[in-house]
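*Asks:* So the sequences go chain by chain: A and B.
Last residue of the first sequence: 533 in the working numbering, with the numbers rising by one and none dropped.
Last residue of the second sequence: 533 in the working numbering, with the numbers rising by one and none dropped.
Hints may contain errors.
Under the rule of at most 27 Å between Cα atoms (straight-line distance), these lysine-lysine pairs were calculated in the DSSO-like manner [unchecked claim]:
hint, chain 1, residue 1, chain 2, residue 2
1, A, K504, A, K528
2, A, K161, B, K400
3, B, K504, A, K400
4, A, K400, A, K387
5, B, K528, B, K504
6, B, K387, B, K400
7, B, K400, A, K504
8, A, K387, B, K387
9, B, K161, A, K400
Just a sample of chain B residues kept apart from chain A, beta carbon distances all over 12 Å, derived [to be verified]:
hint, residue
10, D160
11, P179
12, H199
13, P280
14, T283
15, Q300
16, G319
17, E322
18, E326
19, S375
20, A451
21, M453
22, V482
23, R516
24, N532
Across the chosen pairs, the derived CB separations fall in these ranges [what the hints assert, rightly or not]:
hint, chain 1, residue 1, chain 2, residue 2, range
25, B, G319, A, T407, 31 to 39 Å
26, B, K400, A, P316, 32 to 40 Å
27, A, P316, B, E168, 32 to 40 Å
28, B, N273, A, T385, 16 to 24 Å
29, B, E168, A, R484, 37 to 45 Å
30, B, P173, A, T385, 41 to 49 Å
31, B, I205, A, V477, 41 to 49 Å
32, B, G319, A, E500, 38 to 46 Å
33, B, E168, A, D448, 34 to 42 Å
34, B, I205, A, L323, 41 to 49 Å
35, A, R484, B, L522, 37 to 45 Å
Note that these hints are calculated values from the structure, not bench results.
For each residue, glycine too, the CB sits at the ideal point set by N, CA and C.
Next come the chains, spelled out residue by residue.
There are 2 protein chains.
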Amino acid sequence: MPVSDKHRIQTRELDTPPRLLLGPGPSNAHPRVLRALSNRQVGHLDPAFIELMNEVQTLLRYAWQTDNQVTIPVSGTGSAAMEAAVVNTVQPGDSVLVGCNGYFGERMVDMASRYGANVTRMEAPWGTAFDLETIRANMEACRPQVLGLVHAETSTGARQPLDGVRELCDEFDCLLLIDTVTSLGGVELLLDEWGVDAAYSGTQKCLSCPPGLGPLTLGSRVIERLNQRTTKVPNWYLDMSLVGKYWGSERTYHHTAPINMNYALREALRLIAEEGLEARWERHRRNAQLLWDGLAEMGLSCHVDASIRLPSLTTVRVPDGVDPGAVSRTLLSEYNIEIAGGLGELAGKVWRVGLMGFNSRPENVTLLLAALKDVLNR
Amino acid sequence: MPVSDKHRIQTRELDTPPRLLLGPGPSNAHPRVLRALSNRQVGHLDPAFIELMNEVQTLLRYAWQTDNQVTIPVSGTGSAAMEAAVVNTVQPGDSVLVGCNGYFGERMVDMASRYGANVTRMEAPWGTAFDLETIRANMEACRPQVLGLVHAETSTGARQPLDGVRELCDEFDCLLLIDTVTSLGGVELLLDEWGVDAAYSGTQKCLSCPPGLGPLTLGSRVIERLNQRTTKVPNWYLDMSLVGKYWGSERTYHHTAPINMNYALREALRLIAEEGLEARWERHRRNAQLLWDGLAEMGLSCHVDASIRLPSLTTVRVPDGVDPGAVSRTLLSEYNIEIAGGLGELAGKVWRVGLMGFNSRPENVTLLLAALKDVLNR
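All chains, full assembly: derive it from the sequences and hints.
*Replies:* So this is what it looks like as structure tokens:
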């Protein structure tokens, strides 16, 4: 049987441009993380890897400030971790209330609906957050089993305050599920203190690790409910009753973990343990303030109110008469700087600028402000 | 709010043992692949990454010998690609016939059942393959919409011949879905010639790339059926009607692709294009024959008949009175060589020895045979 050479293309050695990634993610990985990534492999059941899995789980608990036993990196990106959080928490027929004030709340609605939940959308303008009264009124109306909120909306740059939400959830006997994709490792997060039942994140934002793993944590209320299920979780790959046995004490084979990505995540989490969470959060705040001050000096305004503005991601309003895409493209082609445009309600209205993890450094702010000034003043 | 240091452990720089991975996977990545893996990042919508995505897709088509437009690396491991193949091919209420002659056939049954299919298990002893008469008899009995077969059973080392299967599928108007996890890049595979409708694989076997991506290809019959669905695919992350738009001409954002893993996969596929498929398949055959001859000289026998024995994975029968786990552990601790034991029906009865991709080299065979001889003669 002849082999066809139709698709046998000859390509050059990889040579990517030296981008500074100041968009909504991925951010640039820390150099130590990239070195760990290419470390020689061991098998996924090797004693050396089992030890590494324990370290990754412990360090994730530190980063999230949780004691949850089930705290693991899902073998997919942040979106897979989001779906894992949803499919293991939500059951068919559940009433689920989701805060829709950005793109990722909408995604949670889509996922929960696919798994047979009766989803109620709690809406607010993109860039704002929900107050307790609004949440209570919505909970009274739909009596949810699960409340889904986005702690750090990557599409808007808004932070959802969580004070008092646990008390509300207790009142309604409701699980609290939150998106921490753009907050983990960069913005104050105290999961157990806040009484969060399920949370997920990605590695490519404030953890400064390449994309490819999705941190997930599930509390005891979720695990209890999962154990009481009478039907299988309708998703084999993300079924935590199976995956949990690989990451738990049994170490039962489920799938082959992304070995090298776990090397990288371990290094990223070590960097957080070395720096310390408070210092890291403070660094993110300080550099964000530098950016905000610089933008104000240039006459540019931020879309989100300062009280709930994320230090990891800033949405900058596009001035009248400026083509946002042209500015982004020029920053990329002339300065090798990546920033992004808006999504959904904010498409064409904002740029999204990320200062995440390793990239949250004063020199990056200085360079971006200078480059932006140059491009806008042409 | 005080931050707790309870989980703030101090760990050393990563220093994994220098393993030679001769089990059922992962195999050792090629050094060029590890170098590409740690290359500096670009964004997932960067023009440089879009170009890379095109190259990866084309080179995957070469490796699989298919013209399928939808040929992509799923952003998860091989198991995620398996679930993607199942969830995008199988619809609730479908009759699905699955060949169960090993662990991964059983997994396909589990997945298809979760998505509401009426699954018929076609059984055979582990280590054998199905002949056309058996497949026909089973198809006549259950009239399947989808036939699932494992081309290369990682749990048994058996190859499923596919000659004549397409003609059977045409007769019954049935889709043909195959598992090529342990054959892609190491064993003859001619997807279009064989009329395969859907196939999936992993990166950590004969492609010699770390685990973390799952190649998937879907033919026009699958896509047509997918487009005619009246309900959403019940899995957001793996819904190819969404993912396909990111990898297709639209480039619509779906999730952040694992950038660095795609660098690595590109390099692994470049190595295949450089070597050429025929030369690569022949190399796998030659080194497997060396292994089989050496085992025979030591009085050890292979579990699978030579006519359907995979060159990428050999199941070696454990001699009477030998503790297979003790042998594997000694090979690991004294020689840094990983091999694996049997699963399911073959647990305790065989060792699994892989000669995959970069690891399919004569010196590895020589070392393994010498080490095994030493350990068995103690």
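*Asks:* Output the numbers, in ascending order, of every earlier hint that fails for this structure.
*Replies:* Violated hints: 10, 11, 12, 31, 32 and 35; rest satisfied.
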